[in-house]
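Undergrad: One letter stands for each residue in the lines below.
Number of protein chains: 2
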Amino acid sequence: MQLTVSLLPSIRPVLSTTDVAVVIDVLRATSVMTTALANGAKEFLTCQSVDEARELAQTHDADVLLCGERHCKPIDGFDLGNSPAEYSSDVVQYRSLILTTTNGTFAIAAAQNARAMVAASFLNLSAVLVRLRDADSVHLVCAGTNGEITAEDVLLAGAIVDRLFSEVNLELVGDDAILARELWTAWMGEGGSDQNERLTQRLAESQGGRNLIDVGYEADLARCAAIDLFDVVPERVATTPNTFGIL
Amino acid sequence: MQLTVSLLPSIRPVLSTTDVAVVIDVLRATSVMTTALANGAKEFLTCQSVDEARELAQTHDADVLLCGERHCKPIDGFDLGNSPAEYSSDVVQYRSLILTTTNGTFAIAAAQNARAMVAASFLNLSAVLVRLRDADSVHLVCAGTNGEITAEDVLLAGAIVDRLFSEVNLELVGDDAILARELWTAWMGEGGSDQNERLTQRLAESQGGRNLIDVGYEADLARCAAIDLFDVVPERVATTPNTFGIL
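Chains D and F supply the protein sequences, listed in that same order.
Number 226 in UniProt numbering belongs to position 226 of the first sequence; there are no gaps in the numbering.
Number 119 in UniProt numbering belongs to position 119 of the second sequence; there are no gaps in the numbering.
By construction, these hints were calculated from the structure, which means they are not laboratory data.
Note that the structure is predicted; figures quoted are calculated from it, not measured.
Be careful, since some hints might not be right.
[Unchecked claim] Computed footprint of chain D on chain F, listed as stretches where at least three residues anywhere in the stretch have a Cβ under 8 Å from a Cβ of chain D: (1) 6-14; (2) 142-151; (3) 167-176; (4) 185-193.
[Claimed, not checked] A few chain F residues that don't get close to chain D, going by computed Cβ distances all over 12 Å: (5) 2; (6) 57; (7) 58; (8) 219; (9) 237.
Every residue gets a Cβ at the ideal spot worked out from N, C-alpha and C, and that includes glycine.
Start from the sequences and build out the full structure, keeping to the hints where you can.
TA: Right, dumping it as structure tokens:
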């Protein structure tokens with residue numbers, strides 16, 4: 001498998017020859033997408049701007065929910081923010097969700113050209129690995145925060161790289177994969193039963209985690225650190241807009 | 001000390017409030033600058049384009065040498081390439097050198113706004129640390145390779161971060177510094193008498209190292225891995241063009 005990691009979407013383009021692009025925005029877009037689809041949501045329609053989200057809602061059926069954040073906070077007039085806690089079954093089951101976030105939906109747009117696209121979080125790490133196993137070329141795209149590298153996304157990329165190393169023959173493109181894997185090994189490599197607690201602590205040390213704590217969302221760190229809580233992979237099922245569901 | 005690391009020049013601007021910007025292009029621009037100034041060169045005038053270098057040479061005194069590379073290779077009509085081996089005392093002593101390289105001189109231009117600018121390599125690691133010790137704000141700028149992150153530059157940034165941690169009270173801006181330090185600790189943290197040999201091996205594994213090996217410059221890896229071989233710090237002594245000498 002040819003494996004590319006980009007620590008930011010801007011570092012290198014996702015090529016149209018890429019079998020699977022994996023979008024990573026641990027805090028919190030891809031954790032929210034995993035949670036909501038596992039809890040029975042029908043689909044996520046993603047877009048980059050708030051205006052675009054509102055327009056999409058008008059052309060879509062009445063049952064749609066407007067979801068997302070700006071600077072970690074809910075958007076005026078939207079139904080849901082960007083905390084996994086908001087996406088329980090009773091709220092999202094069978095619903096179409098329109099999502100716009102600061103960084104996650106930008107990374108999704110940047111990965112647009114790949115043949116297939118999936119969303120990864122710690123919540124569905126093992127399920128994503130099963131999905132990737134047979135691909136010839138994979139590109140992990142870390143969303144980052146406002147154009148800057150964030151450790152929480154790099155950490156998940158590193159976990160994926162590390163697990164792929166033990167499963168398939170890897171050809172790495174660029175050095176980003178090496179950096180990510182070393183961070184994962186240094187921070188989380190030992191495993192053990194307290195893994196989720198240690199990961200929660202590491203997320204709190206990351207730029208994305210510090211940003212969330214600053215605006216009062218510290219409880220979301222543990223919600224995004226529950227490794228393999230769900231067995232679903234959000235996968236792009238349509239483009240224009242990029243729409244994710246469970247295949 | 002407020003410490004910022006950018007794994008690429010493009011990730012965040014170097015602010016005019018920055019006390020010292022540290023430009024890092026281990027393979028090979030900043031290693032060449034360190035070597036040549038230690039061997040008695042008068043100054044380095046840096047510029048981004050080959051045409052600009054030729055124009056500078058015409059307006060400068062006759063004793064100037066044209067230096068640099070494109071895609072790791074010497075430039076047609078230039079006096080010296082980008083291998084430290086070419087910058088011996090008998091060649092460079094008392095000479096003004098005009099340098100243009102693919103990535104290093106780009107990083108220098110990106111760091112332009114800082115109050116002071118120095119060039120770091122493994123060859124002058126300890127000397128750079130002495131220079132930084134009393135600064136209030138420091139920004140390490142990794143040159144990378146053709147817009148992509150390269151492990152060899154991140155590794156030196158990590159070495160600087162790690163040493164600063166043990167010497168001063170650090171406030172980190174962004175997560176790049178954490179990634180760099182973890183790479184240094186994982187790859188080189190144990191120290192020991194075979195340090196330069198291990199570093200040479202690590203440089204060979206990096207993107208910049210692989211690029212050099214591909215075009216026949218493998219011997220330069222050891223030349224750039226001789227930690228603390230020199231006790232000089234190339235420092236910007238003039239702008240327009242950015243000119244480096246020993247203060």
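Undergrad: Would you pick out the hints that fail for this structure and give their numbers low to high?
TA: Failing hints: none at all.
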